[in-house]
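Trainee: Please work from the sequences and hints to get the whole structure.
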Amino acid sequence: MHRTLAAYVSSALLLVVVPLIVLGCAGTTGPAADRPAGLNMYVQAIEAYNRGDNDQAVVMLLEAVRQNPELRMARAMLGDLYRARGEYKSALPNYEKLAKLDPYSASSHYKLGLTYQLLNRLKEAAAAYLRSLQLDPQDWRTNMNLGLVYLALDQLDDAVTYLERASKYSPDNSEIWANLGVALDARGSVVLAEAAYKKSLEIDGDQPTTLLNLGANLITQGKAVDALTVMEEAMRFSQSPPTRKRYADALTLCNKPSEAGVQYDQVIAEDPRFWPAYSDKGFLKLKLYKDGMQLEDSHRQAAMSLWKKSLEMNPNQPRVIAAMKEWGGKSLFGN
Numbered sequence: 023m024h025r026t027l028a029a030y031v032s033s034a035l036l037l038v039v040v041p042l043i044v045l046g047c048a049g050t051t052g053p054a055a056d057r058p059a060g061l062n063m064y065v066q067a068i069e070a071y072n073r074g075d076n077d078q079a080v081v082m083l084l085e086a087v088r089q090n091p092e093l094r095m096a097r098a099m100l101g102d103l104y105r106a107r108g109e110y111k112s113a114l115p116n117y118e119k120l121a122k123l124d125p126y127s128a129s130s131h132y133k134l135g136l137t138y139q140l141l142n143r144l145k146e147a148a149a150a151y152l153r154s155l156q157l158d159p160q161d162w163r164t165n166m167n168l169g170l171v172y173l174a175l176d177q178l179d180d181a182v183t184y185l186e187r188a189s190k191y192s193p194d195n196s197e198i199w200a201n202l203g204v205a206l207d208a209r210g211s212v213v214l215a216e217a218a219y220k221k222s223l224e225i226d227g228d229q230p231t232t233l234l235n236l237g238a239n240l241i242t243q244g245k246a247v248d249a250l251t252v253m254e255e256a257m258r259f260s261q262s263p264p265t266r267k268r269y270a271d272a273l274t275l276c277n278k279p280s281e282a283g284v285q286y287d288q289v290i291a292e293d294p295r296f297w298p299a300y301s302d303k304g305f306l307k308l309k310l311y312k313d314g315m316q317l318e319d320s321h322r323q324a325a326m327s328l329w330k331k332s333l334e335m336n337p338n339q340p341r342v343i344a345a346m347k348e349w350g351g352k353s354l355f356g357n
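Sequential numbering from 23 applies to the sequence shown in the numbering used here.
Mixed in with the good hints there might be a few duds.
DSSO-like cross-link-like pairs, simulated, lysine-lysine; straight-line CA separation at most 30 Å [stated by the list, open to error]:
(1) K278 to K347
(2) K309 to K245
(3) K145 to K122
(4) K278 to K309
(5) K122 to K111
(6) K245 to K312
(7) K278 to K330
(8) K145 to K190
(9) K331 to K312
(10) K347 to K312
(11) K111 to K145
(12) K190 to K221
(13) K330 to K312
(14) K331 to K278
(15) K278 to K312
(16) K245 to K347
What the hints contain is simulated information worked out from the structure, not anything from laboratory work.
Mentor: This is the structure:
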C-alpha cells in the first residue's frame, strides 16, 4: 500500500489517461461489386460520420462487421466511436478482434490497453500496453498510461520506470511530469517527486492539483516556508476543502497555530464529513498542549474529541489511533 501521504496525494491528482482516436478513410475506387464484403457499409459509415451522424455511422459499421467480421478498418472505427461515447464494454470486443486481426500494429494493442484501463481491468491493460511497446517502444502515450496502470496496481518501481520513459520521449508534457511526481511520492522518493512537480509547473503553471501535490510533498519534507508559499499560490486557484486543509497544514508547520485553526474550522464548516481536517486539527491541538508544557489540558481534550469524530468517519488511521493511545489518559491534573 502507498504511504498515507502518497495515497492522499494520489487521490487528489487527476491521473490523465491519454486517448487515441483514429478514424480511417477507406478507398472508394473500383466497382462496388469488386469490394470486399462489408466495405460498402463501411464507406457509408464514413459518409455518415463526416456529416456528423455518429449514430448512423455505428449502425452502418455494425452491419459492415456482420457481413465481414474481419474487416479491420470497420472494427477500428466502431471501437473508436463506442469509446468516444463512453461505451467501453461495447468498444472492447471490437478492439480485441482488431488486435488479433492486426497483431503487428502498435495502435491496435494501445487501443485495447486503453479500453481495458478504462474498464479497470488493469492487468489486462498492462499486458496490452506491453505488446504495444514491443512494436513502438518510444510512444509516450503508451509509456505514460502503462505507468499509471502500474501505479494503480501498487507496482511503484514499474510505475516510475515507464513514466520516466514517457518523460524522455515527450519532455515538454506537463501531464507526464505531474503523474511522475505522484508515482515518486507514492514510492517515498519525495525529493525526486518535488523536482517532477516543479518541472510540470514550469511547463504549465495553471495546474491547481499539481500545486496541491507539491505543497503536500513540501509539508512531508518539513520545508515550512516553501510549503506555505506554494499553498498560498494554490489557494488563488481553489479554496476547496482539500486545498484549504493543506494550507492549514502549512500554517501549522510555520508555527502559525491561530491562523491554521481558522482554516481547519472553515474546512469543517464547509464539509463536515472531511475527516482529514478533524485529524490534523487534533494534531494542532496536541502541539499546543505540548508546547504549553502540558499545562492547558483543554487542548489535549480537544484533540481527543476531534480524533474521535475523525475515526467515526474513517477508522483506518493508524497515526491517529496511536496518538489517542499515547495521549488519551495523560493529564497533569488527573482529568
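Trainee: Holds or violated: K145 with K122, Cα cutoff 30 Å?
Mentor: With Cα atoms ~18 Å apart, K145 and K122 stay inside 30 Å; holds.
Trainee: Check the hint pairing K278 with K312 against an upper bound of 30 Å on the C-alpha distance.
Mentor: 15 Å, holds
Trainee: Taken at face value, is the distance from the CA of K111 to the CA of K122 at most 30 Å?
Mentor: Measuring from Cα to Cα gives roughly 18 Å; hence the hint holds.
Trainee: Under the criterion that the straight-line Cα-Cα distance not exceed 30 Å, is the pair K278, K330 satisfied?
Mentor: 24 Å, holds
Trainee: Would you check the hint for K309 and K245, treating anything up to 30 Å between C-alpha atoms as holding?
Mentor: Satisfied, since the Cα-Cα distance of roughly 18 Å is no more than 30 Å.
Trainee: With a cut-off of 30 Å on the C-alpha distance, tell me whether K331 and K312 pass.
Mentor: 22 Å, holds
Trainee: Are K111 and K145 close enough, with their CA atoms no more than 30 Å apart?
Mentor: 17 Å, holds
Trainee: Would the hint linking K278 and K347 be met if the CA-CA limit is 30 Å?
Mentor: Holds, because 27 Å separates the two Cα atoms, which is no more than 30 Å.
Trainee: Between the alpha carbons of K145 and K190, is the straight-line distance 30 Å or under?
Mentor: Holds, because 24 Å separates the two Cα atoms, which is no more than 30 Å.
Trainee: Given the proposed pairing of K331 with K278, does the C-alpha separation stay at or below 30 Å?
Mentor: Between K331 and K278 the Cα gap is close to 24 Å, so the pair holds against 30 Å.
Trainee: Run the distance test for K278 versus K309: straight-line Cα separation, threshold 30 Å.
Mentor: Roughly 11 Å separates the two Cα atoms, so the pair holds.
Trainee: CA of K245 to CA of K347, is that 30 Å or under?
Mentor: Holds. K245 to K347 sits at ~29 Å (cutoff 30 Å).
In summary, the structure agrees with every hint in the numbered list given earlier.
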